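Engineer: The primary structure of each chain is shown beneath.
2 protein chains.
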Amino acid sequence: MLTDEQHRQKMQQRKAVQAQRLAERTREKGLIIVHTGNGKGKTTAALGMVLRSLGHGYRVAIIQFIKGAWEPAEKAVLSHWSDQLAFHAMGEGFTWETQDRQRDIACAQAAWELALSYLTNPEYRLVLLDEINVALKLDYLTVTQVLQGLARKPEMTHVILTGRGAPPALIDAADLVTEMTLIKHPFQEQGVKAQPGIEF
Amino acid sequence: MLTDEQHRQKMQQRKAVQAQRLAERTREKGLIIVHTGNGKGKTTAALGMVLRSLGHGYRVAIIQFIKGAWEPAEKAVLSHWSDQLAFHAMGEGFTWETQDRQRDIACAQAAWELALSYLTNPEYRLVLLDEINVALKLDYLTVTQVLQGLARKPEMTHVILTGRGAPPALIDAADLVTEMTLIKHPFQEQGVKAQPGIEF
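If you're matching them up, the sequences are chains D and U in order.
According to this note's numbering, the first sequence is numbered sequentially starting from 367.
According to this note's numbering, the second sequence is numbered sequentially starting from 367.
Any given hint could turn out to be false.
Which copy is meant is left open, so a pair is good if it fits within one copy or across any two.
Stated by the list, open to error - Derived DSS-like pairs (lysine-lysine); straight-line CA-CA distance at most 27 angstroms:
| hint | residue 1 | residue 2 |
| --- | --- | --- |
| 1 | K503 | K519 |
| 2 | K376 | K395 |
| 3 | K519 | K550 |
| 4 | K381 | K519 |
| 5 | K550 | K503 |
| 6 | K381 | K503 |
| 7 | K441 | K376 |
| 8 | K559 | K381 |
| 9 | K376 | K519 |
| 10 | K559 | K376 |
| 11 | K381 | K395 |
| 12 | K559 | K441 |
It is worth saying that the hints were derived from the structure and are not from the lab.
All figures in this text were calculated on a predicted structure; none of them were measured in a lab.
Assemble the whole structure, with the sequences as input and the hints as a guide.
Structural biologist: Printed below as a string of structure tokens:
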């Protein structure tokens with residue numbers, strides 16, 4: 367256990383290290399961000415970034431590759447920024463709802479074409495491709511297609527790609543990758559249902 | 367590779383499984399939620415849950431145990447809900463800024479007393495204890511203290527506790543635990559600085 371004075375000295379050193387780190391990090395660039403893993407929070411953390419960007423006055427586009435992932439509460443929240451935000455729910459539901467692969471593929475491709483129009487438009491500072499990793503995993507889109515699209519984005523545009531099972535080539539191309547890992551989940555263990563304010 | 371018809375049949379089975387799962391999950395309860403790990407998105411995902419809850423019309427309290435974790439863009443966003451939201455920035459900065467352990471401990475204890483007043487008030491459906499895990503890790507608060515407080519919350523109140531290094535006893539007491547794992551980070555690898563709309 368350190369004395370208060372030793373603590374003070376240690377913190378003084380740490381502050382110097384922090385200051386040097388900040389001084390070394392001067393580059394600004396649009397980031398390719400991936401939220402993947404089986405845990406919660408992939409879309410929710412992206413929603414937080416969307417709101418931060420809106421709070422800065424930036425234009426944001428959300429393309430939702432699986433319909434139903436966003437619920438009325440999100441829409442109510444986002445309606446405050448309808449002049450800055452383009453929101454497109456492109457999917458037709460989970461794959462087990464539609465039960466029609468050809469229609470799912472057509473939907474995913476249409477969503478991707480729309481996504482490209484925002485990705486290449488420098489007015490949009492953040493583009494959220496929600497659940498696109500699931501479309502990649504199901505081969506509704508190819509990784510090559512998506513990487514070629516990401517290569518066309520303006521330097522300062524941030525892109526967030528969410529969903530389980532992000533392919534390795536996408537992770538290689540990304541700047542910031544976070545894996546949300548499920549440690550404990552009440553739905554499985556306690557029979558608790560999805561609850562308003564938390565899940566939707 | 368499945369034929370389209372095999373795909374349809376597989377999805378039909380999966381839909382039945384999903385329906386059964388939903389039917390089994392009937393319980394509603396306030397959740398103790400922990401976001402921990404060294405990755406990004408712990409606070410951001412909590413912010414997303416806060417906004418969902420506000421979108422549902424619920425009252426929400428945010429107690430920030432380390433000042434500086436929330437920036438003007440978040441505050442601009444949250445100002446739309448000032449009638450539903452209690453927001454308290456209680457810390458005085460990172461430990462290496464204050465360099466004064468006794469003052470940090472006093473701040474953390476004051477933040478905890480305030481948190482308790484919201485945790486025990488049934489009007490608040492969600493209480494976010496942002497970066498409290500860091501205060502626990504530094505022994506500014508004891509786990510016993512926090513677990514006793516959580517035990518006093520009304521049945522339907524959700525609590526989110528964020529920060530690296532959540533103690534095992536807290537994880538045991540929690541309902542939903544997600545670990546955000548850093549896979550790749552542009553600050554370390556590319557010298558990129560924290561950027562508006564993403565980091566703050």
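Engineer: Any hints this thing doesn't respect? Which numbers, in order?
Structural biologist: 2, 4, 7, 9
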